[in-house]
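Undergrad: The chain contents come next:
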Amino acid sequence: MGSLRNAVERIYSRLLSLFPGEFRAEYGEEMADLARERSRRERPLGLLLVLLLDALKTAPREHLILWSSEVRVAFRGLRRRPGFTMVAAGSLAIGLGASAAIFCVADAILLRPLPIDHPERVVSLRSQSEDSPIGVSFQSVSYPDYADLRLRSRSFSGLVAFQTASVALAPQPDSAARLTLGLLVSDNFFSTLGVEPRLGRGFRPDENAVPGRDAVAVLSDGTWRNAFAGDPEIVGKTVRLNGVTFTVVGVTPPKFTSIDPFVRPAVYVPLMMAPMVSGAGGKRMLEARDARSLAVKGRLLPGVSPRQAEAESKAIAVDLARSYPATNHDQSLAVRTELAARIESSPGDARMVTLLVGLVLLVMLIACANVASLLLSRAGTRSAELALRTAIGASPMRVVRQLLTESLLLALLGAVMGAAVAGAGVRLFSHMAPPTDLPIEVTIRLDSRVLACGLVLAAGSVLLFGLIPALRAARSNLVRDLKSGDAGPGADGRIPRLLGRQVLVIVQVALSLTLLVAAASLLGSFRRYLSSDPGFRRAGVYMLSLDPTVLQYPADRVADFYHQLSGRVATLPGVESATLSYGVPFGDRFEFLNLVPQGETLPAGKKALSVLGATVDEHYFSTLLVPIVSGRDFLNQDTERSPRVVIVNQEFERRHWPGGSALGKRIRLADEGAGVEAEVVGVARTHRYLWVGETPREFVYLPFAQSKRQRMTLLVATTGDPASIGPALRSVVRTVDPNVPMLDASTMEDFFAIRAVNLSNTLVEAVSAMGLAGFALALVGLFGLMSSTVTRRLREIGVRMAIGATRHSVSNMVVREGLWLVMAGVLLGVAGGAGVLVLLTGLVEGTRLDDPLLFLLLPLCLVATATLALVQPARRAAAVDPVVTLRQS
Amino acid sequence: MEPNDLLPLPAPVFHILVALAEGERHGYSIMRDAEERTHGALRLSPGTLYGSIRRMLEQGLIEEVERRAPADDERRRYYRLTKFGRRTAEAEASRLAELLGKARAHGLLTQRG
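Here the protein sequences come in this chain order: V and A. Numbering-wise (this note's numbering), the first sequence opens with residue 1 and increments by one. Numbering-wise (this note's numbering), the second sequence opens with residue 1 and increments by one.
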């Protein structure tokens with residue numbers, strides 16, 4: 001019995017640790033005594049249960065009471081110093097807001113998981129071919145390979161395949177078709193991804209068994225709502241896709257936007273319908289083992305790792321290579337997680353995201369350092385208050401907790417303000433989406449994931465940085481702090497810490513000036529470009545894209561359509577000239593041509609040069625007023641049967657045949673098969689092709705007559721208002737062929753404004769915003785440093801005043817010391833800015849290194865603004881009363 | 001603060017006030033007193049007792065006594081009622097009495113032998 005009693009006592013002394021430390025220190029022993037007394041009179045097990053329940057009930061209450069009183073005190077403390085609170089929270093808000101905004105961009109481009117069930121268990125499979133000239137290359141999978149893989153693989157609970165297809169969608173048989181994107185999918189697409197249709201069902205296995213038999217479709221939520229007004233009876237009704245009638249069997253849920261980060265398909269149809277939707281290409285896709293165009297994703301079985309799945313897939317690929325050497329001898333299979341697949345398919349985006357995240361972490365770090373610096377300087381002024389609290393019995397732990405609670409409140413405030421900053425940032429970046437009628441979008445949005453992350457980041461950083469002053473306060477010298485009301489200057493190694501903060505301020509000023517110089521320079525360059533001529537005609541030009549792909553016409557019928565169309569458009573009243581082009585300047589449909597100029601020695605391992613180009617029809621150069629500086633334009637004598645010709649721009653001529661003429665030189669067109677060569681018949685003036693600030697780039701034009709394309713853009717130069725030609729153009733298109741879908745109609749000026757002006761402005765705004773945010777942070781840092789310097793040196797200032805220094809000279813001293821730091825930062829920043837500009841000269845045409853605005857006016861503005869941050873500390877120094885200060889010491 | 005602001009008092013608080021009404025006591029003695037007065041029905045557990053004591057100290061209902069009985073354990077702290085505590089206890093007692101009176105008037109309470 002006695003040992004059981006001892007056990008109860010021992011267990012209870014453990015239970016006491018549930019109570020807050022202070023409470024325990026105050027009452028712990030007596031509580032243990034009480035338990036001991038009771039254990040003498042009561043049954044041990046019953047008592048143990050009573051004590052346990054009692055502790056579980058009362059300990060949390062004690063914690064809560066303690067904590068809520070701390071929060072009240074912290075709240076009062078923050079309200080008493082509104083300046084400090086706003087500056088610290090503002091600093092955090094800038095850091096957090098910038099981080100959150102950048103994270104939203106990274107999220108939209110790269111990180112956001114697919115909107116499906118357990119996305120982390122879904123991996124991508126790709127064909128991997130080993131003998132490509134640039135090493136290993138990844139591509140899509142062919143349908144026969146996919147079918148074999150699905151049959152043999154044991155690593156996945158399901159393997160899905162899909163492919164985007166252009167579709168002309170008409171809700172009713174007689175309504176006008178709208179060109180959009182659809183997704184051809186395997187039968188198990190919805191079930192494997194865990195997407196539950198909101199209406200109807202997904203596809204059945206038998207609907208993907210026979211090519212062209214089962215014309216069934218699942219509508220996207222958006223299509224159902226917009227094109228069918230959310231008809232609840234939609235299942236069983238029909239929709240026309242590329243002229244074929246499909247029966248609607250289901251509607252996707254709103255949550256499932258897409259399997260691709262950017263493309264939002266309007267409709268889903270079985271892969272087996274590819275021949276009906278995409279014609280001969282679709283038929284070949286289903287049959288040919290070397291038609292590798294399907295994206296394949298698999299859901300891993302529980303317990304199977306991506307590595308195991310890859311090992312199995314590679315083994316299957318070896319088998320396939322043995323069975324089908326003609327198509328598969330160099331083919332293997334790779335398994336990638338979603339993130340790895342995205343990085344692999346767009347390494348440029350991944351690099352940009354890494355860069356942005358790096359930059360923003362730097363901003364965040366500076367913001368945190370600032371808040372730490374402010375808290376430190378405040379801890380200095382508060383050490384008397386804290387010492388007093390310790391003296392009247394608050395434990396050091398309590399003081400630390402009090403400071404941390406204040407820090408947490410500050411973090412919360414900063415996070416709330418940061419959300420507003422992030423919102424503004426997200427609005428800025430969302431202008432970057434490409435303008436098009438197709439369902440492609442970059443959704444940059446602030447979601448709860450980002451906000452939660454931001455809150456954790458805020459709390460984490462402030463806890464970390466709040467801990468330093470808190471711990472310092474906890475081990476502060478009670479007697480000295482009480483007596484002086486301030487930490488003494490130069491005591492216990494504070495000089496190095498001050499030096500660290502001085503360096504921090506200098507670096508902040510330098511970095512922000514560097515960013516501002518870069519932003520201002522870019523802004524200047526862009527202004528010049530936007531007001532200068534990009535080298536082609538914008539005024540009076542109207543554009544309209546046409547895409548007969550979905551009609552599955554034979555090639556000569558397409559050629560005939562375009563031929564008739566340009567002939568008729570040219571005769572319309574008010575039309576000066578009309579032409580066709582595959583891509584338009586500043587658009588996103590340029591071609592990269594692989595070619596070898598005559599006499600060119602290629603670097604080892606390269607088979608051809610990749611050069612930007614466009615397929616254009618006759619009259620292109622006269623419509624866009626791009627002068628042919630030597631040789632001739634494309635003419636109607638250049639046909640399929642005549643010798644191949646090309647036109648190059650001056651930059652191409654200058655680089656490949658320096659000092660000579662390009663005319664008559666030959667270029668091998670590596671994309672068009674072995675031995676296909678073309679003669680250079682003209683040289684066009686170099687203009688800007690992709691964006692306003694580009695340095696001159698090489699460009700090659702192919703004649704439309706010799707290089708067929710399906711989707712072309714009609715460019716029309718008019719004498720009057722270009723927008724007014726739109727209806728006439730549409731009716732001409734309808735007369736020539738009522739089935740051809742039209743899209744992306746716009747005047748060249750509007751298009752240019754969106755593509756060139758908005759994009760450039762967004763870039764400049766982003767860089768300036770970062771520079772301004774950096775500068776705001778630098779000012780906060782400067783202010784914090786100088787305030788704490790004044791606080792630390794109160795006695796020195798008092799002595800100076802006692803021996804005759806005037807208030808004026810004292811405040812001057814503070815301003816002078818602050819300005820030294822700013823000047824040092826400005827000098828470094830000017831040097832850094834010059835460095836960045838040297839880098840920019842290679843990338844942005846017309847970057848000037850001798851701009852007085854950048855290197856004189858901007859730094860002066862910075863210094864002037866920085867002086868403002870010194871006003872308050874200087875005033876405080878001047879207000880020092882020598883008698884009071886000296887009496888305290 | 002007025003005594004009425006704190007009413008009705010939680011049961012443990014009232015019992016502690018009643019226990020201290022006769023004079024200074026330490027925690028264990030408060031517990032025993034409450035236990036005896038309720039014929040063993042109420043045994044104040046340590047967390048409840050000291051949690052209440054801490055709150056009552058804050059509210060100024062009781063105070064700690066500096067002087068200790070010399071024979072007693074050094075560690076034990078003694079508490080006594082403050083004036084405010086006494087007034088609060090009286091207010092609670094009369095509130096309860098009034099309540100009992102009403103209950104009796106409605107025949108809910110018969111006089112016990």
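It is possible that part of the hints are untrue.
[Unchecked claim] Okay, the calculated beta carbon distance ranges per label pair:
{"#": "1", "chain 1": "A", "residue 1": "L57", "chain 2": "V", "residue 2": "I11", "range": "22 to 32 Å"}
{"#": "2", "chain 1": "A", "residue 1": "T38", "chain 2": "V", "residue 2": "E9", "range": "21 to 31 Å"}
{"#": "3", "chain 1": "A", "residue 1": "T38", "chain 2": "V", "residue 2": "A25", "range": "25 to 35 Å"}
{"#": "4", "chain 1": "V", "residue 1": "A25", "chain 2": "A", "residue 2": "A41", "range": "17 to 27 Å"}
{"#": "5", "chain 1": "A", "residue 1": "A41", "chain 2": "V", "residue 2": "H118", "range": "52 to 62 Å"}
{"#": "6", "chain 1": "A", "residue 1": "L57", "chain 2": "V", "residue 2": "R816", "range": "48 to 58 Å"}
{"#": "7", "chain 1": "A", "residue 1": "A41", "chain 2": "V", "residue 2": "W67", "range": "48 to 58 Å"}
{"#": "8", "chain 1": "V", "residue 1": "R807", "chain 2": "A", "residue 2": "L57", "range": "27 to 37 Å"}
{"#": "9", "chain 1": "V", "residue 1": "I11", "chain 2": "A", "residue 2": "T38", "range": "25 to 35 Å"}
{"#": "10", "chain 1": "V", "residue 1": "E796", "chain 2": "A", "residue 2": "L57", "range": "19 to 29 Å"}
{"#": "11", "chain 1": "A", "residue 1": "T38", "chain 2": "V", "residue 2": "R14", "range": "24 to 34 Å"}
{"#": "12", "chain 1": "V", "residue 1": "I11", "chain 2": "A", "residue 2": "A41", "range": "18 to 28 Å"}
{"#": "13", "chain 1": "A", "residue 1": "L57", "chain 2": "V", "residue 2": "R14", "range": "25 to 35 Å"}
Just so you know, the hints here were simulated from the structure itself, not pulled from any lab data. The beta carbon of each residue, even a glycine, is placed where N, CA and C say it ideally should be.
Undergrad: With reference to the structure, classify each hint as holding or not holding.
TA: Evaluated hints:
no. : hint                        : verdict
1   : L57/A to I11/V: 22 to 32 Å  : 28 Å, holds
2   : T38/A to E9/V: 21 to 31 Å   : 25 Å, holds
3   : T38/A to A25/V: 25 to 35 Å  : 31 Å, holds
4   : A25/V to A41/A: 17 to 27 Å  : 32 Å, violated
5   : A41/A to H118/V: 52 to 62 Å : 56 Å, holds
6   : L57/A to R816/V: 48 to 58 Å : 54 Å, holds
7   : A41/A to W67/V: 48 to 58 Å  : 34 Å, violated
8   : R807/V to L57/A: 27 to 37 Å : 49 Å, violated
9   : I11/V to T38/A: 25 to 35 Å  : 27 Å, holds
10  : E796/V to L57/A: 19 to 29 Å : 45 Å, violated
11  : T38/A to R14/V: 24 to 34 Å  : 30 Å, holds
12  : I11/V to A41/A: 18 to 28 Å  : 26 Å, holds
13  : L57/A to R14/V: 25 to 35 Å  : 26 Å, holds
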